[in-house]
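Chains as they are written, first to last, in our numbering: chain A, 1 to 240; chain B, 1 to 222; chain C, 1 to 226.
Everything labelled a hint here was simulated from the structure, so no lab data went into it.
Note that the coordinates shown come from a computational prediction; the quantities given were computed from them, not determined experimentally.
Hints are supplied without guarantee of correctness; some may be wrong.
Quick list of in silico lysine to any residue cross-link-like pairs, SDA-like style, CA-CA up to 25 Å [to be verified]:
1. A/156 / A/13
2. A/71 / A/33
3. C/203 / B/109
4. A/71 / C/3
5. C/13 / A/135
6. A/156 / C/3
Here are a few chain C residues that face chain B, going by a calculated C-beta distance under 8 Å [as the list claims (entries may be wrong)]:
7. 158
8. 160
9. 208
10. 210
11. 213
12. 215
13. 223
Cβ atoms here follow ideal geometry from the backbone N, Cα and C, with glycine treated the same way.
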Amino acid sequence: MNGKSVAAVEADSIARAFGARRAVDGVSLRVHAGETLALFGPNGAGKTTLLRLLGGLIRPTGGNASIGGQKVPGGPEMRRQIGVISHRTLLYDALTPRENVEFFARLYGVASPREAAVRSLEQMGIADRADAPVRSLSRGMKQRVSIARATVHNPKVVLADEPFTGLDVSGARALSRLLGDLRESGAALLLVTHNIDEGLSLATHAAIMHQGRLIRSGERASIVASEYANEYRDLVAAGE
Amino acid sequence: MKPTPLTIAAGVGVVVTYIRAIFFTPTEAVQGPAQKIFYVHAPAAWVAFLAFGLVGLASVLYLWLREERLDRIAESSAEVGLMFTTVVLITGPLWGKPIWGTYWTWDARLTLTLFLWFIFVAYIVLRGAIDEREMRARYCAVLGILGALLVPFIHLSVYLFRTLHPKPILMKPDAPSLPTEMLTTVLLAFAAFTLLYVALLRVRYRYAVDRDALLAESSNAR
Amino acid sequence: MNSVIGDALLVAKKDLMIEFRTRSAFLSVVVFALLGIVIFYFAWDSTAVAASDLAPGVLWVIFTFSGLLGLHRSFGVEHAEGAIDGLLASPVSREAIFLGKAGANLVFVLAVQAIAIPAVSLFYNLPLGGVALPLAGIAILAAIGLVAVGTLFSAMAANTRLSELLLPMLSLPFFVPIVIPAAQATAKLLSGRPVVDALAWLKLLLAFDLVFVFACMLAYPFTLEE
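The shape of chain A in the complex, shown without the other chains (with noise of 0.2 Å):
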């Protein structure tokens, strides 16, 4: 179907114990460039830490991940192909939008990254306050700058924990058209997101995880809308 022989992001039977809780028990995956996941599930399912492992912020107790064949986690090289949006901001408030974005491109070793600052804040409709402090925007103005950071160095893996977390509506469809220019240009996408929506008109894959497994997953196209919604609203009633 894809052709490419190195997927994107691969998982392999990963798992996460912390002490005798199994937050991730054996999640097997694949997505290649330019494909996006939907990753659905109730709160406690384990995707913040599926997502961890795959960003390498975690080591896997059982199992192993690899982003671009290199192994996870791994060295700078890894790092690099990576963006990280959470529905934290990870920003820091006291500083400006642009320097926020310019220290994290300068981190990633970024050709000109002043330029690449303000290229990825227009690209997030946010440069007009490129100069305020953090503190002083909005919460769904703060993710979008959050999401320029993660995307400053043009990765080729982007891990989204929930990004449309207190965005508006002219915010999401930015971030839709963000993501979606990304899927353009080849990167592979990991959503987690509770708007089955919104995720779904995105994604290209879809897979609902539940207690640290994936219980259900395949393509979107075979996948109506309704079907994953109900299972999953079954889900999030069950653990409730």
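The hints should help you fit chains B and C onto chain A, whose structure is shown.
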């Protein structure tokens, strides 16, 4: 909680040592009966440093091997060590007052023991401040290792401080050459205290094992 | 590809930019130091103890406590919005993060000292002109040791409960082998002795710095969730 053979042996050892120390060992000429505190003070100091060393060793091994048991050993040794260190710091002034006329002198060894006490306390407080088991073990291991690194620097600082400063005018009894009976009692005391340390360590370790097992059960039941 | 030093400088610059932007932490610590110096002056009988005898002690005690205050905020900025995750996901090495933060703390502590030392000279009527250079050397050596240990412990304390209490509890025993040599060496200098007399103390300080900068840098990755 039923006493194990080791605990009984340790208890007997301590009692026997002190009967001997009080009734069957000659009283030191210069210091009088107060000198007998030495039979508690010195062995307790030895155990305090032994316990500290074990915490340091277990900490290094834990960071290398990530074996839970090592963390429990460190935890137990720290608490038992704190006990013995407190004994040293109490018996020191009790001995000092009748002998030197003052409760506290900044004697090099006593000062070092005081810092041991501070580090033990910091270690135990750090333990109490972290709920997550793996993080707690890791953080305490780091403190255990850094604490061990600190000891030579404290020692050097205090030693330099004392050699470069005029000593206060005191009768200072350094370790006198001991007649045979006293030497035997001292050695007996060291052996008894070491046995006591090991016994208490095992009791405390057992408690840690049981407590962790209970915690694991209750978190699985959820 | 960035080097460890290059990355550390980036992190340090970022921290100092944040500090400069808000400035309130710096001002609070400076005021704390000045108040402490003044209070000590009123707490002692100037006819019984000469200023030059008291000053070294005051200087280095204030140094430790104001240092603690300054260190506390070092990792707060990283946890406020989860920025530490952004740092950890980036290609920057953990050692570079530690060195960068320690470096920023070093600048902070030295900046406070640059005000506190002249303040002591002023309030205690102690002309420090002649010994300014050696005194600056002692301050730098002492500050390096302080920030090495303090940065590590503030990283740890930030992740625990009781973080404000825990930081002094963990750090102060480690500050003692810094304060004793610093105060003793300062006393020697102030009583007009040549620098050579204080050499033993300076060597001890240097040894402490070498051991603990290295040890704390190696220990830092262990304080991160992995």
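So, residue 160 of chain C near chain B? Judge it on the closest CB pair being under 8 Å. At about 4 Å, which falls below the 8 Å cut-off, the nearest Cβ of chain B leaves the hint on residue 160 of chain C intact, so it holds.
With a cut-off of 8 Å on the beta carbons, see whether residue 210 of chain C makes it to chain B. This hint is violated: residue 210 of chain C lies away from chain B, its Cβ roughly 11 Å from the closest one there, beyond 8 Å.
Identify whether the interface hint at residue 213 of chain C stands, where standing means a beta carbon of chain B within less than 8 Å of its own. Residue 213 of chain C check fails; min Cβ-Cβ to chain B is 12 Å, beyond 8 Å.
Restraint outcome when residue 223 of chain C is required to lie within 8 Å of chain B by C-beta distance: Residue 223 of chain C check passes; min Cβ-Cβ to chain B is 6 Å, inside 8 Å.
Within a Cα-Cα threshold of 25 Å, do residue 13 of chain C and residue 135 of chain A meet the stated pairing? Distance of about 19 Å is within 25 Å: holds.
Satisfaction of the residue 208 of chain C interface hint, Cβ to chain B closer than 8 Å: holds (6 Å)
For the pair supplied as a hint, residue 156 of chain A and residue 3 of chain C, confirm whether the alpha-carbon distance does not exceed 25 Å. It holds: about 23 Å lies between the C-alpha atoms, which stays within 25 Å.
So, as I understand it, the hint says residue 215 of chain C touches chain B; can you test that by seeing if any CB pair is closer than 8 Å? Cβ of residue 215 of chain C sits 6 Å from chain B, so the hint holds.
Tell me if the straight-line CA distance from residue 71 of chain A to residue 3 of chain C falls inside 25 Å. With Cα atoms ~22 Å apart, residue 71 of chain A and residue 3 of chain C stay inside 25 Å; holds.
For the pair supplied as a hint, residue 203 of chain C and residue 109 of chain B, is the alpha-carbon distance within the 25 Å limit? Between residue 203 of chain C and residue 109 of chain B the Cα gap is close to 22 Å, so the pair holds against 25 Å.
Holds or violated: are the alpha carbons of residue 156 of chain A and residue 13 of chain A at most 25 Å from each other? Satisfied, since the Cα-Cα distance of roughly 23 Å is no more than 25 Å.
Taking the closest Cβ pair, is residue 158 of chain C under 8 Å from chain B? violated (11 Å)
Of the numbered hints stated above, those contradicted by the structure are hints 7, 10, 11, listed in ascending order.
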